[in-house]
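So the protein sequences, as listed, match chains A and B. By the numbering used here, the letter at position 36 of the first sequence is numbered 36, and the numbering carries on one by one without gaps. By the numbering used here, the letter at position 60 of the second sequence is numbered 247, and the numbering carries on one by one without gaps.
A couple of the hints might just be wrong.
The calculated DSSO-like cross-link candidates involving lysine-lysine, where the alpha carbons are at most 27 angstroms apart (straight line), are [said to hold, decoys possible]:
id : chain 1 : residue 1 : chain 2 : residue 2
1  : A       : LYS98     : B       : LYS368
2  : B       : LYS300    : B       : LYS247
3  : A       : LYS113    : A       : LYS98
4  : B       : LYS300    : B       : LYS268
5  : A       : LYS184    : B       : LYS308
6  : B       : LYS368    : A       : LYS181
7  : A       : LYS60     : A       : LYS81
8  : B       : LYS300    : A       : LYS165
If you only want the chain B side, here are some residues facing chain A, beta carbon under 8 angstroms, derived [as the list claims (entries may be wrong)]:
id : residue
9  : PHE210
10 : PHE331
11 : LYS352
12 : TYR355
Rather than coming from a laboratory, the hints here were simulated on the basis of the structure. Think of the CB as a built atom: it goes at the ideal place given N, C-alpha and C, for glycine as much as any other residue.
Protein chains: 2
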Amino acid sequence: MEIILGSQSPRRRELMAGLDLPFTAVTIDADEHYPAELQGGDIPYYISRAKAHAYEGKLKEDQILITADTIVWLEGQMLGKPHDEAEAYAMLRALSGKTHQVFTAVTFVQKGKAMETVVDKTDVTFCELTDEEIRHYIQKYRPFDKAGAYGVQEWIGYIACTEMKGSYFNVMGFPVHLVYKALKQML
Amino acid sequence: MEIILGSQSPRRRELMAGLDLPFTAVTIDADEHYPAELQGGDIPYYISRAKAHAYEGKLKEDQILITADTIVWLEGQMLGKPHDEAEAYAMLRALSGKTHQVFTAVTFVQKGKAMETVVDKTDVTFCELTDEEIRHYIQKYRPFDKAGAYGVQEWIGYIACTEMKGSYFNVMGFPVHLVYKALKQML
């Protein structure tokens, strides 16, 4: 079986590589809109499947496609990718001193079989951040490609993240233990 | 103030570098024996202070020395660094399917001031591992320099670690959020 990772995220590609299984990475253009009534983990569940649907027509017999989506969920609201510095600032200010959830959904597709999706959740607690800390992070690390305006593996994750419950790799965007477990059953 | 990190661990040096504060790294030779009655977090507390004592005579006025020690604690027993493949196998077999604790102590020293030590704890849950998985890891990754015979940032951490409570960086050997907090008060 050939594994195809449908993600352009360098973090996901790096984590997938760490599983010591050969794979090919592709970029999938999918519509990432979702029904407004969806909450929490149901949002990445929906989007990871939309990504899978956008590519499944190209799948061959001996291939497994893996797609994923990650969201940051704070007190009933989704934080997506910030469009500019002001939005990144507002997100990090909102996360400061609170516990939020990171949900990642991973979808597996094989030609002629039903799609399988797993969802992982991690609780992440941030300490109180000063304005200076938030501004340093945004200016130096430019987190505009990251849900919730932060990368846990970067400076802000080092200084802000006082407690986590669940998988750290899920917060990075790819719950590798669930991916490994699912692939073990499929390969 | 000049920060001196007294550790030869590449993981600690990398994590310290991620705090965006300039530092120098030195190697400290200290006696790592500890009183047999010590339990859990009191063991790295004692050893990180022994490392600090071994170097503090060399400290100058404008320097802060940071030392650290990490242990893996499973059901009332300490797992140190394995001496050979058989010992590494025994440790990973013992960790399989269970929750253990990782304790890291970090000691801060300034000339003429009282030593300060902080201790962090993370609960780490491993899934059940097969013999094949344990042997693949030991043979490919050679975890002989690692407490408990594993590196959480390596393949075994990806596949085995289903749940964590506390700081991931603490499990890597350096609770960066506590180091940052302590340095913020000292600098």
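Do the hints match the structure? See the list:
1. A:LYS98 - B:LYS368: holds, 17 angstroms
2. B:LYS300 - B:LYS247: The given pair, whose Cα atoms are some 12 angstroms apart, holds under the 27 angstroms limit.
3. A:LYS113 - A:LYS98: violated, 41 angstroms
4. B:LYS300 - B:LYS268: Since the Cα atoms of LYS300 of chain B and LYS268 of chain B sit roughly 33 angstroms apart, the hinted pair is violated (cutoff 27 angstroms).
5. A:LYS184 - B:LYS308: It is violated: about 31 angstroms lies between the C-alpha atoms, which goes past 27 angstroms.
6. B:LYS368 - A:LYS181: violated, 37 angstroms
7. A:LYS60 - A:LYS81: violated, 33 angstroms
8. B:LYS300 - A:LYS165: Judged against 27 angstroms, a Cα distance of about 36 angstroms means the pair is violated.
9. PHE210: violated, 14 angstroms
10. PHE331: Given a least distance of 19 angstroms, the restraint on PHE331 of chain B is violated.
11. LYS352: Holds: closest Cβ of chain A sits about 5 angstroms from LYS352 of chain B, inside 8 angstroms.
12. TYR355: Hint on TYR355 of chain B: holds, closest Cβ of chain A at ~4 angstroms, below 8 angstroms.
Violated hints, listed in ascending order, are 3, 4, 5, 6, 7, 8, 9 and 10; each of the other numbered hints is respected by the structure.
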